[in-house]
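Novice: Chain by chain, the residues:
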Amino acid sequence: EPEVTQTPSHQVTQMGQEVILRCVPISNHLYFYWYRQILGQKVEFLVSFYNNEISEKSEIFDDQFSVERPDGSNFTLKIRSTKLEDSAMYFCASGLMGGETQYFGPGTRLLVL
Amino acid sequence: GENVEQHPSTLSVQEGDSAVIKCTYSDSASNYFPWYKQELGKRPQLIIDIRSNVGEKKDQRIAVTLNKTAKHFSLHITETQPEDSAVYFCAANTGTASKLTFGTGTRLQVTL
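So the protein sequences, as listed, match chains S and F.
Heads up: take any position in the first sequence, counting from 1, add 10, and you land on the working numbering.
Heads up: take any position in the second sequence, counting from 1, add 19, and you land on the working numbering.
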């Protein structure tokens, strides 16, 4: 069964550094999402991406964040200048259609020191 | 925007008993309501979902009910087993790309 994959599984970085989190969505899916989960809290929406552009973003997704689909398979989340409060688990998800099931990747645990 | 509330935050049941988790949502345009199970350090795994055109859906020991008028939906797990122990999140979709808004989670503990 196809799965969403993410790399790296863990990332430790210094405050102010840039990080890029990578995701490979399920191949025939058209909708892509990033969510984050601070330890012990609920999953929060960051951004959705469809037809090569952002379709919606949350208040969390400020100018420090960007997303890109550089080729036909990868979907990346970049944080330009990390802050301590960016420490969280970041999940990528994909869905065939809007309003359909979203499948989550295994997550990248980001720790900002 | 959408607000999803979930309760209880923790639930402890004995093996074999039933567990019920309840959620409410605020956006009447929401039409898709998934439930995810998350084990410690793992990804959320979809266990069941329901769309607004049905009132109930069942899959073996798991069932979900939806009351659109009241904006309530519930997860029912029967004959609970220790491996059901996890955090369960409800969610509702909103927006043009159907982002999911999650509830705050219920930690279910099934004891022997």
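For the record, the hints were derived by calculation from the structure and aren't laboratory data.
Hints are supplied without guarantee of correctness; some may be wrong.
[As the list claims (entries may be wrong)] Pairs of lysine to aspartate or glutamate, EDC-like flavour, derived with a Cα cap of 16 angstroms:
id : chain 1 : residue 1 : chain 2 : residue 2
1  : F       : 61        : S       : 81
2  : F       : 56        : F       : 102
3  : S       : 67        : F       : 103
4  : S       : 52        : F       : 58
5  : S       : 52        : F       : 98
6  : F       : 87        : F       : 34
7  : F       : 77        : F       : 98
[What the hints assert, rightly or not] Chain S is nowhere near these chain F residues, computed Cβ spacing over 10 angstroms in every case:
id : residue
8  : 36
9  : 50
10 : 65
11 : 68
12 : 73
13 : 79
14 : 97
15 : 102
16 : 112
17 : 130
For each residue, glycine too, the CB sits at the ideal point set by N, CA and C.
Novice: For each hint given before, does the structure comply? Return the numbers of the non-compliant ones in rising order.
Specialist: 1, 3, 5, 6, 9, 10, 11, 16
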